[in-house]
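A.B. asks: Required output: the full structure, derived from the provided sequences and hints.
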Amino acid sequence: MSKNADIALKLNWYENEGNNLIGEEAIANMSVDQMLELFDAPFWNQLYHCWEAQSKELKVIQPNVDHHINTRKYSYFIEIYKIQHNQSQ
490 MSKNADIALK LNWYENEGNN LIGEEAIANM SVDQMLELFD APFWNQLYHC
540 WEAQSKELKV IQPNVDHHIN TRKYSYFIEI YKIQHNQSQ
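First residue of the sequence shown? That's 490 in our numbering, and the numbers climb one at a time after it.
Heads up, some of the hints might be wrong.
Below are the DMTMM-like pairs computed for lysine to aspartate or glutamate, each with C-alpha atoms no more than 20 Å apart in a straight line [as the list claims (entries may be wrong)]:
#: 1; residue 1: K562; residue 2: E514
#: 2; residue 1: K571; residue 2: D495
#: 3; residue 1: K499; residue 2: E513
#: 4; residue 1: K571; residue 2: D522
#: 5; residue 1: K499; residue 2: D529
These are computed hints drawn from the structure, not numbers from a lab.
C.D. replies: Structure, rendered in structure tokens:
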């Protein structure tokens with residue numbers, strides 16, 4: 490796997506009624522390894538992974554995002570993906 494600088498961690502939230510994407514925010518101060526440990530999951534394809542975040546994970550993530558997590562209003566998902574850099578010159 491490439492350096493963490495090439496990996497993005499993102500919190501997405503969707504409305505509970507209607508399932509529309511409401512917002513997204515980068516997750517600060519957490520490494521890919523910490524996130525994988527939190528979800529007890531391997532980064533299986535080295536490119537992209539997404540999980541639905543439950544209360545246990547959201548308690549750990551909340552201090553690392555500005556968005557106030559509200560599970561009564563929103564459903565939350567965590568995305569980890571490799572940032573693709575354009576190598577053309």
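A.B. asks: Are the hints correct? Go through all of them and say.
C.D. replies: The hints, checked one at a time:
1. Between K562 and E514 the CA atoms are separated by roughly 17 Å; this keeps the pair inside 20 Å, and the hint holds.
2. This hinted pair checks out: K571 and D495 have alpha carbons roughly 6 Å apart, not beyond 20 Å.
3. At most 20 Å may separate the alpha-carbon atoms for a hinted pair to count; K499 and E513 meet this at roughly 7 Å.
4. A distance of roughly 14 Å separates the Cα atoms of K571 and D522; the hinted pair therefore holds under the 20 Å criterion.
5. This hinted pair checks out: K499 and D529 have alpha carbons roughly 17 Å apart, not beyond 20 Å.
In summary, the structure agrees with every hint in the numbered list given earlier.
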